[in-house]
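Colleague: Sequence:
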Amino acid sequence: MEAPKAKAIPKALEIHGDRRIDPYYWLRERDNPDVIQYLEDENTYYRWFVERIQPLTDELYEDMVARIPDAEERVPVQGDQYYYYTRMEKSLQYPIHARKRAASRETLAAAEEEIVLNLNDLAGDGYLSVTVLATSPDEKRLAYLENRDGTDRYTLLVKDLTTGEMLPDRIEGVFIDGSVAWSADGQYLFYITVDEAQRPYRLHRHRLGDPVEQDALLYQEDDETCILTLAKSQSGRYLFLTSSTKTSTEVRYLPADDPLGAWTVFRPRQADVEYELEHWDDALLVLMNLHRPNFSLFRHPVAPCEDERLEELFPYDEARYLTGVHPFREAVVIEGREGGLTQIWTFASGRLTRLEWDEPLYTVSVSANRRYDTREVLIHYESFLTPRTTYALDPVSVTRKELHRQPVNGPYHPSDYVQERLWAKANDGTDVPVSLVYRKDARTDGPAPCILYGYGSYGHNLDPVFMPTLLPLLDRGVIYAIAHVRGGSEMGRHWYENGKMLRKKNTFTDFIACADALIGEGYTSPEKLAADGRSAGGLLMGAVANMGGDRFAAMSAGVPFVDVVTTMLDPTIPLTTLEWDEWGDPRDETYYFYMKSYSPYDNVEPKRYPHLIVTTGLNDPRVAYWEPAKWVAKLRATKTGQEALVLKTHMGAGHFGSSGRLEHLRESAEIHAFLLYHIGVSPKRSTAS
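For the sequence shown, full-length UniProt numbering gives the first residue as 1, with consecutive numbering after it.
Rather than coming from a laboratory, the hints here were simulated on the basis of the structure.
The structure presented is a predicted model; accordingly, all values stated were derived computationally and were not measured.
Hints are not guaranteed to be accurate.
[As the list claims (entries may be wrong)] Below, a list of computed lysine-lysine pairs in the DSSO-like style, where the Cα atoms sit at most 27 Å apart:
(1) 505 <-> 90
(2) 425 <-> 11
(3) 425 <-> 505
(4) 639 <-> 7
Turn these sequences into a full structure, and let the hints guide you.
Modeller: See the structure below:
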């Protein structure tokens, strides 16, 4: 079958004395039947192409599903009267949220289960995403957010947990997350709505039972580079409304028992100063980077900030990057990073203590604990080799007890595998960490097939976690590697700062350096190396394909941000204005020409590219479908060689693909089958036969 070719309709784009000719600009016209037809033609070609790898896809999918336990249940989290948990059955697409009324963890087994929300009953045949689940303080009502088209516009619904009935309250246009909180009396809901660009910008107050039209607008964020987020303190006594860019924050607070009261600004926004608030022991905790790039923790009275009244709880350490604070009545639990890994500290009686772990690579995090007055804080631990393990941490004595370890279906012996860290040398001499996991025998016959994963933006980290569905790849002799490139914050805040704005190219050259290290150290070879990335990681794939694609046999670019200049010049596109602090504002010619120098779409050349599988969603508000569509169209018309190039557009979803677990797993199997096929991995069972 011949690959589809989009018609070229040249459009001139001029700014800063520079002229770009965009032959596929017309693909932005979503209402144009020719656009939909082109996407459908690409989908038809995609389905035709992947038929040749169907045996490998089916085998991977079956092996991945086989690794899913028959039933999974998260450790119940204690509320005031109930323990809350989520469970998943192997045959179901969606989780079931439930609770049990019990006085202690020891009496849970005998308690009767109550279903809080069964997403499988809500799903139907289409897309479903449920994000926020907020129980009222008296635990009688549930507020949750639901979406059925893949955008960031969700519907706020309220369920009566005593009767199981839905209340008439229904609010549209609420942001996907960080956008809902109850008043202390459970009579009011505070929520954040989005503007036309799907930017969360308005805070409202709704009294249960009142018409939504009567809801009070409490605050509107007019700075188009700023978003709003809403949270309640761990103590339940305060609500926090945060206005934030990627470089500054301003937080307002309100006593939760005074829903009709006025919100108070704690510290007015200041360029390059970020902070977050919590409440502890009748004071505010302030996690802030003022004069401390990796953040420090302060205490301040519940009052507008006076910098001289900020009391630092423990000395600042440049090697310690603090990222989150969780106060409990007798101690504070702190999340952060040190030595390139996640860490947890406790602060009690004036002493800071870091939790220690046995493995060289691991990931630790604090669970969503519901109680403030507790000596049982749930934390999670995992690594490439250790399944997700939940501990009960006593933050005062700093002792912990294992409560649950994620089951692994089928045979699994950690001793059969190796996890290690490799250091790659970047162009400027910086050491870039690479985390690897593979079977002990994978390298016996020389360079092995390898998938190198990367992201490298927004300070987001890629940490070593246990993925049972990765085992089918490892058991086929594949090395799985994560490149911790600059633009993330694995090595501290400076790691992020040195991979954004006018230093963005470090992200791409770091990734190439990681590939070179894997090849140079004999782990793999260019013929056996694949790359994978999504969203901003898809930008990474596109840039690397242009700058160093000869290191790779195949690439997967999921919902890739590849038309950087055009998108960043259009403030009407959802989230564009929020991104200027990450990439720069191309209305400034310095940023324009720098972006243009790495934008994947603008730098497509007539040369060989790796085999490429590209995926997108028609309703994606974060990376519009037309970016990957235009990129693929331009690659088809420009590149040389016979390497595969396929585009799949999910016509009924957005940024995150299919919502059902098994459907999502099928998509993952298909993408991995594409990569494995092109780095020389064949189906195991067909080979044996």
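Colleague: Which of the stated hints cannot be reconciled with the structure, identified by number in ascending sequence?
Modeller: Of the numbered hints, 1, 2 do not hold.
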